[in-house]
Amino acid sequence: MSLTSNAQQSIEELASVSETDRLEVLIEYADALPDLPARYSEHPDLLERVEECQSPVFLFVEVNDGRVELFLTAPKEAPTTRAFASILHKALDSQSVETVLGFDDDFPERLGLTRLVSPLRMRGIRGMLARIKRQVAEKSQ
Amino acid sequence: MPVELDSNPEFAEYAHPEVLVSTDWLADNLGKPGLVVVESDEDVLLYATGHIQGAVKIDWHTDLNDPVLRDYLQGKEFAALLSSRGIKRDDTVVIYGDNKNWWATYALWVFKLFGHQDVRILDGGREVWIAEGRQITTEVTVVEPSDYPVIVRDDSKLRAFRDDVLAHLGGPLVDVRSPQEYTGERTHMPNYPEEGALRGGHIPGAASIPWSKAAQENGRFRSRAELNELYLETEQLDPTAATIAYCRIGERSSHTWFVLTYLLGFSNVRNYDGSWTEWGSLVRVPIAVGPERGSYAAS
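Top line first, the protein sequences correspond to chains A and B.
Note that the numbering used here numbers the first sequence so that position 15 is 15, with each residue one more than the last.
Counting from 1 along the second sequence, just add 1000 to a position and that's the residue number in the numbering used here.
Note that these hints are calculated values from the structure, not bench results.
Quick caveat, the model's predicted, so the values are computed rather than measured.
Not one of these hints is a red herring.
Part of the chain A face toward chain B, derived, beta carbon under 7 angstroms:
#	residue
1	Leu-26
2	Ile-27
3	Ala-78
4	Pro-79
5	Thr-80
6	Val-117
7	Ser-118
Quick reminder that beta carbons are idealized off the backbone N, C-alpha and C, glycines included.
Take these sequences, add in the hints, and give me the full structure.
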């Protein structure tokens, strides 16, 4: 199990600021979540709902030539969920199948947020990660 | 000094109309001395993305819970929290939040454990305020700290513990979780992480009334007639009987506690905040599975 350099960067970025500022960093992540391309925004049925999240978050994974492309969406009214999706997007998008499958499942716990957000939220981000890995495994066979 | 009540005729049908305010009322009264507006959301980032002018934030997870004991704040911490938010003991507090005021009613319940007299809910919460195109701001609220007194928390009337629930078996219980949580059904699929209680199901005898049935699509409370039909006629609850509500950790059930107590005028409703995360893992307590309420008789 290992991390990507982007994932490492997020951990360090969050660890370097106070808990209050950490929320500001999360808002920046929420704002940075890329919009879905039309082929998904116009076909929400293609996306998988992450049931572990209380807010409606949907994801879809494409594997092209051994590279993973990640599509995630969550509403503006759910900034924490968006922030988590955005952190995972930064960590895993454009990585190889092997890198994503070998990605550290404990990454969510290493972000230093367990005191700030509820256990249910942490379960949500773990759910997102597990579903991403499962889709990658299925689509790379 | 308390701020005048909202005389909105739509609230008059409820048992205690004084605990609700409308968005119109709040817009008219913002900034009045004696009024503090509190935002309490499930999503910890939401307040920072924009809040009602002058509102302060209280976070259910980091502000209201004790970090060590599984318990709420003690009187000293509650006094420090409310002082830091500029709330005085005789202030009118209006709480609003996301997700149909789920956490707003939870915060109100904790305020009531400390006997804060005048706490009200903004009907429809954050969602309706924003949907009506009313202003929100990211301006930091400047608070003049107050000197809130240290009050001993009173758990005896509004809160139920596991032994209370055991002694109450056979009496009216309301399980406000989703039907899947109630029946004990699970999604056993590979790589779908689950956490929570050891067993799935519900407390024997509990009625299944998901909390959000008390709210309309937009988050406002349903009318008195609709609530009567749901709780009294369909589910046969008795407003004069001691009733206990629970969910997973006591948050959703504080919404139902609010509805039964203030909108329908039940005389004795307690919130079991240990809820399923405690009951579903306890040794030597009975559970029921499936859609039936079930029952249990100690042998």
